[in-house]
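Chemist: Listed below, chain by chain, are the residues.
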Amino acid sequence: GAVVSQHPSWVICKSGTSVKIECRSLDFQATTMFWYRQFPKQSLMLMATSNEGSKATYEQGVEKDKFLINHASLTLSTLTVTSAHPEDSSFYICSASPGQYNSPLHFGNGTRLTVT
Amino acid sequence: SQQGEEDPQALSIQEGENATMNCSYKTSINNLQWYRQNSGRGLVHLILIRSNEREKHSGRLRVTLDTSKKSSSLLITASRAADTASYFCATDSRNQGGKLIFGQGTELSVKP
Numbered sequence: 003g004a005v006v007s008q009h010p011s012w013v014i015c016k017s018g019t020s021v022k023i024e025c026r027s028l029d030f031q032a033t034t035m036f037w038y039r040q041f042p043k044q045s046l047m048l049m050a051t052s053n054e055g056s057k058a059t060y061e062q063g064v065e066k067d068k069f070l071i072n073h074a075s076l077t078l079s080t081l082t083v084t085s086a087h088p089e090d091s092s093f094y095i096c097s098a099s100p101g102q103y104n105s106p107l108h109f110g111n112g113t114r115l116t117v118t
Numbered sequence: 027s028q029q030g031e032e033d034p035q036a037l038s039i040q041e042g043e044n045a046t047m048n049c050s051y052k053t054s055i056n057n058l059q060w061y062r063q064n065s066g067r068g069l070v071h072l073i074l075i076r077s078n079e080r081e082k083h084s085g086r087l088r089v090t091l092d093t094s095k096k097s098s099s100l101l102i103t104a105s106r107a108a109d110t111a112s113y114f115c116a117t118d119s120r121n122q123g124g125k126l127i128f129g130q131g132t133e134l135s136v137k138p
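In order, the protein sequence lines correspond to chains F and W.
So in my numbering, the last spot in the first sequence is 118, and the numbers never skip.
So in my numbering, the last spot in the second sequence is 138, and the numbers never skip.
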């Protein structure tokens with residue numbers, strides 16, 4: 003089945019630093035990738051839609067300068083949390099779509115970000 | 027933004043019992059999907075049901091879809107302790123580029 007690899011699985015960083023999270027589709031080309039954020043005991047909130055070769059589309063309330071998304075190839079999208087603060091601590095999950103109509107998304111295993 | 031609601035928010039049952047989770051949504055959809063999430067992990071896709079389908083089965087899972095009521099249900103039969111997880115419905119709405127919007131989720135606990 004389709005595999006999405008997300009790295010790192012967890013990261014601890016200090017306030018003010020930036021953190022990059024990678025999302026790779028290992029055995030298929032992903033024209034579109036989605037980035038979600040999940041707080042403890044809550045659902046997944048869509049942050050942005052990443053399209054290969056074009057600018058990401060951010061959901062309302064998500065700061066594009068805070069959460070930089072780059073989708074430079076059909077197999078890799080990155081999310082950079084810039085100038086991280088403790089309130090950015092969360093579980094970030096990427097998902098990838100092979101672009102087929104009515105097909106499920108494939109999710110990475112998530113990245114647990116802790117900002118101290 | 028959240029598409030809708032799931033109920034119950036938490037469900038605790040004994041092994042062997044059936045578990046039913048419900049999901050409601052607000053917009054017209056292409057399909058509705060159910061996912062499972064173990065604590066601190068990514069999501070595993072369970073079933074996708076298209077807007078023109080009413081019922082779908084996969085092993086011990088049965089999903090129904092009522093587009094007139096904008097609701098879906100997930101039934102897990104003969105539950106096992108290993109079914110303990112959070113279950114989310116997610117909708118692929120029309121003209122939204124394939125993005126999924128998730129419900130609030132149901133936390134299922136199956137006691138041995």
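Because the hints were derived from the structure by calculation, they are not lab data.
Just so you know, these numbers come straight off a predicted model, no measurement behind them.
The reader is advised that the hints may include incorrect statements.
Pairs of lysine-lysine residues, derived as BS3-like cross-links and limited to a Cα-Cα distance of at most 30 angstroms, are as follows [stated by the list, open to error]:
#1 W:K125 <-> F:K22
#2 F:K22 <-> W:K95
#3 F:K22 <-> F:K68
#4 F:K57 <-> W:K95
DEER-style ranges, computed between Cβ atoms [what the hints assert, rightly or not]:
#5 F:D29 <-> W:G123: 35 to 43 angstroms
#6 W:T103 <-> F:K57: 32 to 40 angstroms
#7 F:W12 <-> W:Q35: 41 to 49 angstroms
Beta carbons are placed, not taken as given, at the ideal position from N, Cα and C, and that holds for glycine.
Chemist: Hint by hint, say whether it matches the structure.
Modeler: Structure-based check of all given hints:
1. W:K125 <-> F:K22: holds (22 angstroms)
2. F:K22 <-> W:K95: violated (42 angstroms)
3. F:K22 <-> F:K68: Distance of about 12 angstroms is within 30 angstroms: holds.
4. F:K57 <-> W:K95: violated (36 angstroms)
5. F:D29 <-> W:G123: 35 to 43 angstroms: About 23 angstroms separates the Cβ atoms of D29 of chain F and G123 of chain W, which means 35 to 43 angstroms is violated.
6. W:T103 <-> F:K57: 32 to 40 angstroms: Distance hint for T103 of chain W, K57 of chain F is violated at roughly 46 angstroms.
7. F:W12 <-> W:Q35: 41 to 49 angstroms: violated (27 angstroms)
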